[in-house]
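Visitor: Chains C, D, L and S supply the protein sequences, listed in that same order. Here the first sequence stands for residues 1386 to 1523, numbered as in the numbering used here. Here the second sequence stands for residues 1386 to 1523, numbered as in the numbering used here. Here the third sequence stands for residues 1386 to 1523, numbered as in the numbering used here. Here the fourth sequence stands for residues 1386 to 1523, numbered as in the numbering used here.
It is possible that part of the hints are untrue.
As the list claims (entries may be wrong) - A short list of chain D residues far from chain L (calculated; beta carbon distances all over 12 angstroms):
| no. | residue |
| --- | --- |
| 1 | Ala-1400 |
| 2 | Gly-1409 |
| 3 | Pro-1411 |
| 4 | Ala-1465 |
| 5 | Asp-1489 |
| 6 | Gln-1505 |
As the list claims (entries may be wrong) - If you anchor each label on the Cβ, the simulated ranges turn out as follows:
| no. | chain 1 | residue 1 | chain 2 | residue 2 | range |
| --- | --- | --- | --- | --- | --- |
| 7 | D | Gly-1475 | S | Ser-1392 | 38 to 46 angstroms |
| 8 | S | Glu-1407 | D | Pro-1463 | 56 to 64 angstroms |
| 9 | L | Leu-1434 | S | Gly-1409 | 40 to 48 angstroms |
| 10 | C | Ala-1403 | S | Asp-1489 | 30 to 38 angstroms |
| 11 | L | Ile-1433 | D | Ala-1518 | 47 to 55 angstroms |
| 12 | D | Gly-1420 | C | Pro-1466 | 23 to 31 angstroms |
| 13 | S | Ala-1518 | C | Leu-1434 | 21 to 29 angstroms |
| 14 | C | Ala-1518 | L | Pro-1463 | 22 to 30 angstroms |
| 15 | L | Ile-1433 | S | Ala-1465 | 31 to 39 angstroms |
| 16 | C | Val-1488 | D | Gly-1475 | 43 to 51 angstroms |
| 17 | C | Tyr-1458 | D | Ala-1465 | 43 to 51 angstroms |
What the hints assert, rightly or not - If you only want the chain C side, here are some residues facing chain D, beta carbon under 10 angstroms, derived:
| no. | residue |
| --- | --- |
| 18 | Gly-1388 |
| 19 | Val-1448 |
| 20 | Leu-1449 |
| 21 | Met-1450 |
| 22 | Pro-1463 |
| 23 | Gly-1469 |
| 24 | Thr-1472 |
| 25 | Thr-1473 |
| 26 | Phe-1480 |
If you're looking for bench data, these hints aren't it; they were derived computationally from the structure. Yeah, the Cβ is synthetic: ideal placement off N, Cα and C, and Gly gets one too.
Below, each chain spelled out in residue letters.
Protein chains: 4
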Amino acid sequence: MRGLSLSEAQRLLEAGAARATEIGQPMNIAVVDAGAHLLAFVRMDGAILASIDISVGKAVTAVLMNMPTDELYDLAQPGAPLYGIETTNGNLVVFGGGIPLVVDDEVVGAVGVSGGSVEQDVDVASAARDALAGTARP
Amino acid sequence: MRGLSLSEAQRLLEAGAARATEIGQPMNIAVVDAGAHLLAFVRMDGAILASIDISVGKAVTAVLMNMPTDELYDLAQPGAPLYGIETTNGNLVVFGGGIPLVVDDEVVGAVGVSGGSVEQDVDVASAARDALAGTARP
Amino acid sequence: MRGLSLSEAQRLLEAGAARATEIGQPMNIAVVDAGAHLLAFVRMDGAILASIDISVGKAVTAVLMNMPTDELYDLAQPGAPLYGIETTNGNLVVFGGGIPLVVDDEVVGAVGVSGGSVEQDVDVASAARDALAGTARP
Amino acid sequence: MRGLSLSEAQRLLEAGAARATEIGQPMNIAVVDAGAHLLAFVRMDGAILASIDISVGKAVTAVLMNMPTDELYDLAQPGAPLYGIETTNGNLVVFGGGIPLVVDDEVVGAVGVSGGSVEQDVDVASAARDALAGTARP
């Protein structure tokens, strides 16, 4: 398994924060490794406090489920197959903003972003993800 | 109470894993006893990490509720009688893949499977359950 | 990072269980991967229930702390440097029976054993560890 | 209350990481604000996983208790006034490495460091604290 270095994680945080600044929305941004353990985190000035745990939870969820958290959203709705899954693993988040980092078909970690609208969170998480060389863009 | 032995639990894990291999979907498989305590567990190579807790949670739920977790699914929906039950006991799972093991009308434990679609999880859990001699097939 | 396969984990469980049978003490035995996520677990017939969580906790602790849990024992005593550490990470265990699995100077996982005296737990955990080819024996 | 900015928090992380590199010990470093909420975090390459929660816990403890965590150490020992306090607030840590950030007699946040010996943790946390202009050095 390819490890994710701190300098790579920080490059992702910077790219995410740059995009957040561009769209004028302060964000919490978290990067976890392939074991879902926190590698690096920033809360931008003015970002809401709830989004600390939400951003970390999104990154953790993306690794544990091996999918972007926005794909989990539909699956977790009432009447959908995984209804209730947000309570099964402590800190799962079932809306967008968590994206796995995939290099050579292998999940090496994930980025989680929270603080804006879900669309903004996904936008910023994608910008962060794109800063990792070799990352698959499905 | 008739106890479930480790060798019986392991036979269930093997039968479940064999079925999982047959359908090409790596799974997490857990067996708990009549007190809902873990007896044996395997995570097949390539199975997602979230399903560790979910498979154990399904087996625990099947014992605590004395029903297959897919029967709990309808009851837990918005407007249904047990809406919100997924948060009442720590790790209840309200979608399919957890099946009680019933011998001579007595629950002796349960098997929980997670890692594929809910249909695949139920399929593999059923194969595991069927490996226990004398198990009721409702 | 070198991954630990389920068949390797099961070989460790078998070696541990064989040693436990040899000394006449039923045990709970857990194997986790390098991210401290459960890979395989067995509770031998007659092993006490508390040791389910303790065995998993010992394996998790050995990975998170990167040391055998018996080395943590002295450090966690009143007046010792890490007094109070058993409460900092959810399920840390500060007595013997958790041993990291080290291959080529890299932690690839850990085994945790609980059910007997601490000496017996360490004995069985060591037997399990020795079943992994290439494991360092410090 | 004077707020701590992200750029200030990052300056502290850099100063701490520089000191950690100097002494050759990879560390987890966390900065929280005056409300004990995480502002920024880094896990240096090679730092142990247990220290993620411990570093955050030390920073949280330093704010909640308004004292360096090494001062809490003596108070938390058996027979001392605050015996048992490590379990009262979820994630309190009662050994050194958490230091409040005090500007003009006001706590504006705290830094928490974990990954080395307690002495090394305190050393690195002090280096981080000193990077904040106007910080009191008691």
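Visitor: Given the range 30 to 38 angstroms, decide if the beta-carbon distance of Ala-1403(C) to Asp-1489(S) lies inside it.
Guide: Holds, since Ala-1403(C) and Asp-1489(S) (Cβ atoms, about 33 angstroms apart) stay within the stated range.
Visitor: Using the nearest Cβ pair, does Phe-1480(C) come within less than 10 angstroms of chain D?
Guide: violated (16 angstroms)
Visitor: Please confirm whether Pro-1411(D) is truly not at the interface, meaning its C-beta sits more than 12 angstroms away from all C-beta atoms of chain L.
Guide: The claim is violated: Pro-1411(D) sits with its nearest Cβ about 9 angstroms from chain L, within 12 angstroms.
Visitor: Can Thr-1473(C) be said to touch chain D, with a Cβ gap under 10 angstroms?
Guide: Since chain D brings a Cβ to about 5 angstroms from Thr-1473(C), closer than 10 angstroms, the hint holds.
Visitor: With a cut-off of 10 angstroms, does the beta carbon of Pro-1463(C) approach a beta carbon of chain D closely enough for the hint to hold?
Guide: holds (5 angstroms)
Visitor: Within 31 to 39 angstroms: is that where the Cβ-Cβ distance between Ile-1433(L) and Ala-1465(S) falls?
Guide: holds (33 angstroms)
Visitor: So does Ala-1518(S) sit 21 to 29 angstroms from Leu-1434(C), Cβ to Cβ?
Guide: holds (25 angstroms)
Visitor: Checking the smallest CB distance to chain L, is Asp-1489(D) really beyond 12 angstroms?
Guide: holds (20 angstroms)
Visitor: Just to be sure I understand the hint, the distance between the Cβ atoms of Ile-1433(L) and Ala-1518(D) should be within 47 to 55 angstroms; is that true here?
Guide: With Cβ atoms ~27 angstroms apart, the hint is violated.
Visitor: Is the claim that Ala-1400(D) lies outside the interface with chain L correct, judged by CB distances over 12 angstroms?
Guide: holds (15 angstroms)
Visitor: Once the closest CB in chain L is found, is it more than 12 angstroms from Gln-1505(D)?
Guide: Fine: 18 angstroms to the nearest Cβ keeps Gln-1505(D) off the interface.
Visitor: Between Gly-1420(D) and Pro-1466(C), does the C-beta distance stay in 23 to 31 angstroms?
Guide: Holds, since Gly-1420(D) and Pro-1466(C) (Cβ atoms, about 29 angstroms apart) stay within the stated range.
When held up to the earlier numbered hints, the structure conflicts with 3, 11, 14, 16, 17, 18, 26 and fits the remainder.
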